[in-house]
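Participant: Chains as they are written, first to last, in this note's numbering: chain A, 2 to 89; chain B, -6 to 192.
Honestly, the hints are just simulated from the structure, not real lab data. Some hints could be false.
[What the hints assert, rightly or not] Under the rule of at most 30 Å between Cα atoms (straight-line distance), these lysine-lysine pairs were calculated in the BS3-like manner:
(1) Lys63/A <-> Lys123/B
(2) Lys123/B <-> Lys84/B
(3) Lys82/B <-> Lys76/A
(4) Lys102/B <-> Lys51/A
(5) Lys35/A <-> Lys102/B
(6) Lys83/B <-> Lys63/A
(7) Lys123/B <-> Lys102/B
(8) Lys63/A <-> Lys166/B
(9) Lys63/A <-> Lys84/B
(10) Lys123/B <-> Lys51/A
(11) Lys166/B <-> Lys84/B
(12) Lys63/A <-> Lys82/B
(13) Lys166/B <-> Lys82/B
(14) Lys102/B <-> Lys166/B
(15) Lys166/B <-> Lys83/B
(16) Lys51/A <-> Lys35/A
(17) Lys166/B <-> Lys51/A
(18) Lys51/A <-> Lys63/A
(19) Lys84/B <-> Lys102/B
(20) Lys63/A <-> Lys76/A
(21) Lys123/B <-> Lys83/B
(22) Lys83/B <-> Lys76/A
(23) Lys166/B <-> Lys123/B
(24) Lys35/A <-> Lys166/B
[Unchecked claim] Example chain B residues on the side facing chain A (calculated, C-beta under 8 Å, incomplete):
(25) Leu117
(26) Lys166
(27) Leu169
(28) Arg173
[To be verified] Beta-carbon label-pair distances, calculated as ranges:
(29) Arg77/A <-> Glu116/B: 39 to 47 Å
(30) Asp81/A <-> Arg187/B: 42 to 50 Å
(31) Ile189/B <-> Lys35/A: 26 to 34 Å
(32) Asp1/B <-> Asn42/A: 43 to 51 Å
(33) Gln131/B <-> Asp24/A: 26 to 34 Å
(34) Asp11/B <-> Cys30/A: 42 to 50 Å
(35) Phe58/B <-> Asp81/A: 18 to 26 Å
(36) Val87/B <-> Pro27/A: 35 to 43 Å
(37) Leu52/B <-> Glu34/A: 48 to 56 Å
(38) Glu186/B <-> Asp81/A: 48 to 56 Å
(39) Asp41/A <-> Arg12/B: 57 to 65 Å
(40) Pro27/A <-> Asp42/B: 45 to 53 Å
We treat Cβ as the ideally placed atom computed from N, Cα and C, and that holds for glycine.
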Amino acid sequence: MNEHAHMNCDELLGSLSAYIDGDLSPELCQELEKHLAGCDNCRVVLNTTKRTIDLVQTPLEKPDLPDDVRERLFKRLNLDRYLTQKPG
Amino acid sequence: MDKTMPDDISLEALIAGDRAEFARLVDMYSGSIYRLGLRMLGSPQDAEDVLQNTFINVLTHIQNFEGRSSLATWLYRIAANEALMLIRKKKPEVNLEDVEGGDEDEDLKPTQFVDWSGLPEDELLSGEGKSILDAAIQTLPESLRIVFLLRDVEGLSIRETAEALHLTETNVKTRLLRARMALREGLSTYYGERFIREE
Ligand SMILES: [Zn+2]
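Required output: the full structure, derived from the provided sequences and hints.
Facilitator: Written out as structure tokens, the structure reads:
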């Protein structure tokens, strides 16, 4: 057995965000994954945090600009004659 | 529509005063900027002010754009500035520098451990579910919300988010972790119950 202290739940939570972003060193990743393998709660927190981020990136969460808002914006910017061009 | 993919805007044309090119830029980013304003201020009128002021600023300052950051990051910086200025004016009680976003470490501690992550998207975002998600975003403290919106909703990198908000990357990471954990906790309270009901 090595004397190495294992990562606890608090330490994992502190690194969770960086782990999701692929921002952790390979060594830390390994430690974190070792903890995850034996800790149900941390696994749930990881899964649901990832899912939360997925959800806010769905198209439903990114509605288009309302037509009237676009029209007023174009007028304010003196871009009236480009209003008819479809965005996108 | 993926806003990062469409054919590139020509900076030279923008600086030369090309109106058609400016109109293309406006169409490419106005949706994102309006959403950002809406979620930071909570009012369509305020969001429209943020949107209009952002592009007026872009017109005024495009000559000074040095290209050290990407054009998108520069746009988000102006938009975030406009939104934060309006918050300072309308809600002076809000602490925009607050990194912690609440009481010490207590809000970081998860209390909900139901794994609802396998529920399908249409179920999570149908009717009530969608308003729960929107409401949960709105309950994030403004200082965390702006970081979360730029990074996780609009998809800027940590570095770009830091540039846009004049924060250090460490500060962005701290705020992002807190925002994600707070949001997860809020959603888990609701989705967790729904998940258990269905099992
Ligand atoms: Zn754990």
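Participant: Take the hints in turn and mark each one as holding or not.
Facilitator: Evaluation of the provided hints:
no. : hint                             : verdict
1   : Lys63/A <-> Lys123/B             : 12 Å, holds
2   : Lys123/B <-> Lys84/B             : 26 Å, holds
3   : Lys82/B <-> Lys76/A              : 26 Å, holds
4   : Lys102/B <-> Lys51/A             : 17 Å, holds
5   : Lys35/A <-> Lys102/B             : 20 Å, holds
6   : Lys83/B <-> Lys63/A              : 25 Å, holds
7   : Lys123/B <-> Lys102/B            : 25 Å, holds
8   : Lys63/A <-> Lys166/B             : 23 Å, holds
9   : Lys63/A <-> Lys84/B              : 26 Å, holds
10  : Lys123/B <-> Lys51/A             : 17 Å, holds
11  : Lys166/B <-> Lys84/B             : 25 Å, holds
12  : Lys63/A <-> Lys82/B              : 27 Å, holds
13  : Lys166/B <-> Lys82/B             : 27 Å, holds
14  : Lys102/B <-> Lys166/B            : 17 Å, holds
15  : Lys166/B <-> Lys83/B             : 27 Å, holds
16  : Lys51/A <-> Lys35/A              : 19 Å, holds
17  : Lys166/B <-> Lys51/A             : 16 Å, holds
18  : Lys51/A <-> Lys63/A              : 18 Å, holds
19  : Lys84/B <-> Lys102/B             : 28 Å, holds
20  : Lys63/A <-> Lys76/A              : 24 Å, holds
21  : Lys123/B <-> Lys83/B             : 27 Å, holds
22  : Lys83/B <-> Lys76/A              : 26 Å, holds
23  : Lys166/B <-> Lys123/B            : 26 Å, holds
24  : Lys35/A <-> Lys166/B             : 23 Å, holds
25  : Leu117                           : 6 Å, holds
26  : Lys166                           : 7 Å, holds
27  : Leu169                           : 6 Å, holds
28  : Arg173                           : 6 Å, holds
29  : Arg77/A <-> Glu116/B: 39 to 47 Å : 41 Å, holds
30  : Asp81/A <-> Arg187/B: 42 to 50 Å : 48 Å, holds
31  : Ile189/B <-> Lys35/A: 26 to 34 Å : 29 Å, holds
32  : Asp1/B <-> Asn42/A: 43 to 51 Å   : 46 Å, holds
33  : Gln131/B <-> Asp24/A: 26 to 34 Å : 27 Å, holds
34  : Asp11/B <-> Cys30/A: 42 to 50 Å  : 47 Å, holds
35  : Phe58/B <-> Asp81/A: 18 to 26 Å  : 25 Å, holds
36  : Val87/B <-> Pro27/A: 35 to 43 Å  : 40 Å, holds
37  : Leu52/B <-> Glu34/A: 48 to 56 Å  : 50 Å, holds
38  : Glu186/B <-> Asp81/A: 48 to 56 Å : 51 Å, holds
39  : Asp41/A <-> Arg12/B: 57 to 65 Å  : 59 Å, holds
40  : Pro27/A <-> Asp42/B: 45 to 53 Å  : 47 Å, holds
Going through the hint list in order, the structure satisfies each hint without exception.
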